[in-house]
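Protein chains: 2
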Amino acid sequence: MSTSDVMQIDGDRLWASLMDMAKIGATEKGGCRRLALTDEDRRGRDLFIEWCRAAGCGISIDQMGNIFARRPGRNPDAAAVVAGSHLDTQPTGGRFDGVYGVLTGLEVVRTLNDRGIETEHPVEVVCWTNEEGSRFAPPMVASGVFAGIYDLDFALSRSDADGKTLGEELQRIGYAGPETVGGRPLHAYFEAHIEQGPILVEDGQTIGIVTDAQGQRWYELVLTGKESHAGPTPMDRRRDALLGAARVIDMVNRVGREHGPNACSTVGMIDSYPNSRNVIPGRVFLTIDLRHPDNEVLSRLSRAVEEEVAHIAKAGSLEFALEEIFYFAPVPFDQTCVAAVRSGVKKLGYDAREMITGAGHDACFIAKAAPTSMVFIPCIGGLSHNEEEDIEPEWASAGANVMLQVIVEKAGRV
Amino acid sequence: MSTSDVMQIDGDRLWASLMDMAKIGATEKGGCRRLALTDEDRRGRDLFIEWCRAAGCGISIDQMGNIFARRPGRNPDAAAVVAGSHLDTQPTGGRFDGVYGVLTGLEVVRTLNDRGIETEHPVEVVCWTNEEGSRFAPPMVASGVFAGIYDLDFALSRSDADGKTLGEELQRIGYAGPETVGGRPLHAYFEAHIEQGPILVEDGQTIGIVTDAQGQRWYELVLTGKESHAGPTPMDRRRDALLGAARVIDMVNRVGREHGPNACSTVGMIDSYPNSRNVIPGRVFLTIDLRHPDNEVLSRLSRAVEEEVAHIAKAGSLEFALEEIFYFAPVPFDQTCVAAVRSGVKKLGYDAREMITGAGHDACFIAKAAPTSMVFIPCIGGLSHNEEEDIEPEWASAGANVMLQVIVEKAGRV
Numbered sequence: 001m002s003t004s005d006v007m008q009i010d011g012d013r014l015w016a017s018l019m020d021m022a023k024i025g026a027t028e029k030g031g032c033r034r035l036a037l038t039d040e041d042r043r044g045r046d047l048f049i050e051w052c053r054a055a056g057c058g059i060s061i062d063q064m065g066n067i068f069a070r071r072p073g074r075n076p077d078a079a080a081v082v083a084g085s086h087l088d089t090q091p092t093g094g095r096f097d098g099v100y101g102v103l104t105g106l107e108v109v110r111t112l113n114d115r116g117i118e119t120e121h122p123v124e125v126v127c128w129t130n131e132e133g134s135r136f137a138p139p140m141v142a143s144g145v146f147a148g149i150y151d152l153d154f155a156l157s158r159s160d161a162d163g164k165t166l167g168e169e170l171q172r173i174g175y176a177g178p179e180t181v182g183g184r185p186l187h188a189y190f191e192a193h194i195e196q197g198p199i200l201v202e203d204g205q206t207i208g209i210v211t212d213a214q215g216q217r218w219y220e221l222v223l224t225g226k227e228s229h230a231g232p233t234p235m236d237r238r239r240d241a242l243l244g245a246a247r248v249i250d251m252v253n254r255v256g257r258e259h260g261p262n263a264c265s266t267v268g269m270i271d272s273y274p275n276s277r278n279v280i281p282g283r284v285f286l287t288i289d290l291r292h293p294d295n296e297v298l299s300r301l302s303r304a305v306e307e308e309v310a311h312i313a314k315a316g317s318l319e320f321a322l323e324e325i326f327y328f329a330p331v332p333f334d335q336t337c338v339a340a341v342r343s344g345v346k347k348l349g350y351d352a353r354e355m356i357t358g359a360g361h362d363a364c365f366i367a368k369a370a371p372t373s374m375v376f377i378p379c380i381g382g383l384s385h386n387e388e389e390d391i392e393p394e395w396a397s398a399g400a401n402v403m404l405q406v407i408v409e410k411a412g413r414v
Numbered sequence: 001m002s003t004s005d006v007m008q009i010d011g012d013r014l015w016a017s018l019m020d021m022a023k024i025g026a027t028e029k030g031g032c033r034r035l036a037l038t039d040e041d042r043r044g045r046d047l048f049i050e051w052c053r054a055a056g057c058g059i060s061i062d063q064m065g066n067i068f069a070r071r072p073g074r075n076p077d078a079a080a081v082v083a084g085s086h087l088d089t090q091p092t093g094g095r096f097d098g099v100y101g102v103l104t105g106l107e108v109v110r111t112l113n114d115r116g117i118e119t120e121h122p123v124e125v126v127c128w129t130n131e132e133g134s135r136f137a138p139p140m141v142a143s144g145v146f147a148g149i150y151d152l153d154f155a156l157s158r159s160d161a162d163g164k165t166l167g168e169e170l171q172r173i174g175y176a177g178p179e180t181v182g183g184r185p186l187h188a189y190f191e192a193h194i195e196q197g198p199i200l201v202e203d204g205q206t207i208g209i210v211t212d213a214q215g216q217r218w219y220e221l222v223l224t225g226k227e228s229h230a231g232p233t234p235m236d237r238r239r240d241a242l243l244g245a246a247r248v249i250d251m252v253n254r255v256g257r258e259h260g261p262n263a264c265s266t267v268g269m270i271d272s273y274p275n276s277r278n279v280i281p282g283r284v285f286l287t288i289d290l291r292h293p294d295n296e297v298l299s300r301l302s303r304a305v306e307e308e309v310a311h312i313a314k315a316g317s318l319e320f321a322l323e324e325i326f327y328f329a330p331v332p333f334d335q336t337c338v339a340a341v342r343s344g345v346k347k348l349g350y351d352a353r354e355m356i357t358g359a360g361h362d363a364c365f366i367a368k369a370a371p372t373s374m375v376f377i378p379c380i381g382g383l384s385h386n387e388e389e390d391i392e393p394e395w396a397s398a399g400a401n402v403m404l405q406v407i408v409e410k411a412g413r414v
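First to last, the sequence lines map onto chains A and B. For the first sequence, the numbering used here begins at 1 and goes up steadily by one. For the second sequence, the numbering used here begins at 1 and goes up steadily by one.
Bear in mind the hints are in silico, worked out from the structure with no lab data behind them. Being a predicted model, the structure only gives us computed values, none of them experimental.
For lysine-lysine, the following DSSO-like pairs were computed, each having C-alpha atoms within a straight-line distance of at most 30 angstroms:
{"id": "1", "chain 1": "A", "residue 1": "Lys23", "chain 2": "B", "residue 2": "Lys226"}
{"id": "2", "chain 1": "B", "residue 1": "Lys368", "chain 2": "B", "residue 2": "Lys346"}
{"id": "3", "chain 1": "A", "residue 1": "Lys368", "chain 2": "A", "residue 2": "Lys346"}
{"id": "4", "chain 1": "A", "residue 1": "Lys23", "chain 2": "A", "residue 2": "Lys164"}
{"id": "5", "chain 1": "B", "residue 1": "Lys226", "chain 2": "A", "residue 2": "Lys29"}
{"id": "6", "chain 1": "B", "residue 1": "Lys368", "chain 2": "B", "residue 2": "Lys347"}
The whole structure should be built from the sequences, with the hints applied where relevant.
As structure tokens, this is what we get:
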């Protein structure tokens, strides 16, 4: 069977929908500002529902504002095969992060309609509320409630910088639905997403078959030495907190490299006090972000960093306080779902690689409630969370074609 | 000759004057806030002049507001031997930084009066304007004009955060004197000061014989890499500006240590962008402060740092911009003045050491116009520029006793 025999989506239609959605909250620099539960988010949701209704879908909205657009299957009692992502963006976000996964799901439904294909299981397209967490922390809060990770009351009481709660804002924009969150069974969940990293684009591959989501451990470290004048304090009498911090930063990088290609270790934030040119820093705050898809290796990474921080502090006569502030267990995606993606890619003949998602996605939470996997496409320069975020139309089509194969396989063509 | 035979100052009187002056601008935490050319500075100057007049001195004030209190010598044509420092403080400063040097000069004059000692040269006590530079940058601006380093017009036009100029504020508090700045010849200049570092107090010595002032070279460095997401960006594809900065900080410290006990090298300030927990830093700004008393060694330090910054940037695939923003040449103090201090200390039998000043002082500028040296006393914990700055009364007396010997030697007892 040649690739041309494989059923494909309508790439022009998908791209046109992406561009139409990008008009809502469009920024001058070509990005999108569609923060969760703002009027722009409401307009995006309205347009999505309009398109879904035009495609013959029934709409359900749950108490977290998650929208499910359902294309019925032959068996009304079967659990749905669900595809989706989110429509909210970062404050200065791009046109594809999240949106791509939602509109890919819609394009699959449209293609099934075009071809009159019936499936055993219903097919649903989902839009999860507030994935970014930019307006209401934490991120992925609505898929988190769906998967039983967060309580509904906790989620609805999250507030933005102006003190408005997520629940109030859901009511205000008319998206506080009646359905119990997490009440609907999922036969399988697939999320198409831009990679948000450099691997596919640098290596010239079109599809990432996502097998795992990295586990994460986040730390905060405070190193305390002694503030003193840079002139009159000899080198051997200093307790320089910034020097200790520098050694920690270098060590965190080294430990990450030592734990193989799937380990990531980053110091992203540093604040030094008093931060004056001629004063030896007396106190430094920094953050450490450790990631690995294998929980055992992630633990080893953590222990290595904890031990080395203690050594560095002792060698520099510094006091230290190291606190783990966040832990997210690694998520191995469902093997049958991953196999479905692998098989779809093979049918289509795309250049692909298996990979791990380092970023968090709704799929990482939904994986705890249903068999789940993800499909990545490249983004230019690996750039995301940025108004310049961009993709090639052929990448968009390729990812949607993979999703089409996968959904038809899982939903069961009648 | 036993120590008790050596002429000594009145320690109680000196301490009482220090405590009286400390009331002007006293802070709740026991420090002083007497910023240059404020009403508090005016009151401090007024009190100083009142005391000097009571001690029989004539007062001259120059166009920079520098105050010279003169005890005549036998030879009215001889240049004066001058002792002093400054009365202005940091915003949350201590009771001794600067003040100690001014009131030590006064105590020497008072002691000469008590004992009816006549000198060949006049003895003068000087109070330099705006040494700290906290209100009007740069620091030491008035001694700088005196020594020909800064122009008068430049100095008078310096403005504070509210836009008030140094010249206007001198007029306002009544201290814009008539005398040409730098017009008076100095036979020798001595400045007593707290060390502002930990060496004397940690090593249990009472007097520092200051032989040199460190030269300084200050740099600003910007390292530029690529901002990217800490999750999806593998370690070997990163251009982490903070990792480069960490290696620079460690290298600057190492290079300082490699250049001997008198080298100081410090990164005091760091700002990282975007400074977010899960973003690899794309840009880091930091400052480098290099000091050494030998200009040749200081140059070697600079070259080593410049070369290593380039290597670190290259190894980390970073761009860099390194700019020298300040150079202050090392100041070797006058050998006869240093010898006079050494001889005074020996007479008194104090535990002393030769040392280098790492901080800037009016003496560092005056050394360019007249034979100069300094006398250090310890400060508790090496702490200065801090409301908790403190000294022991016996240290205050010891430093003043040394100054008494030195001034009598240089001024020539008749």
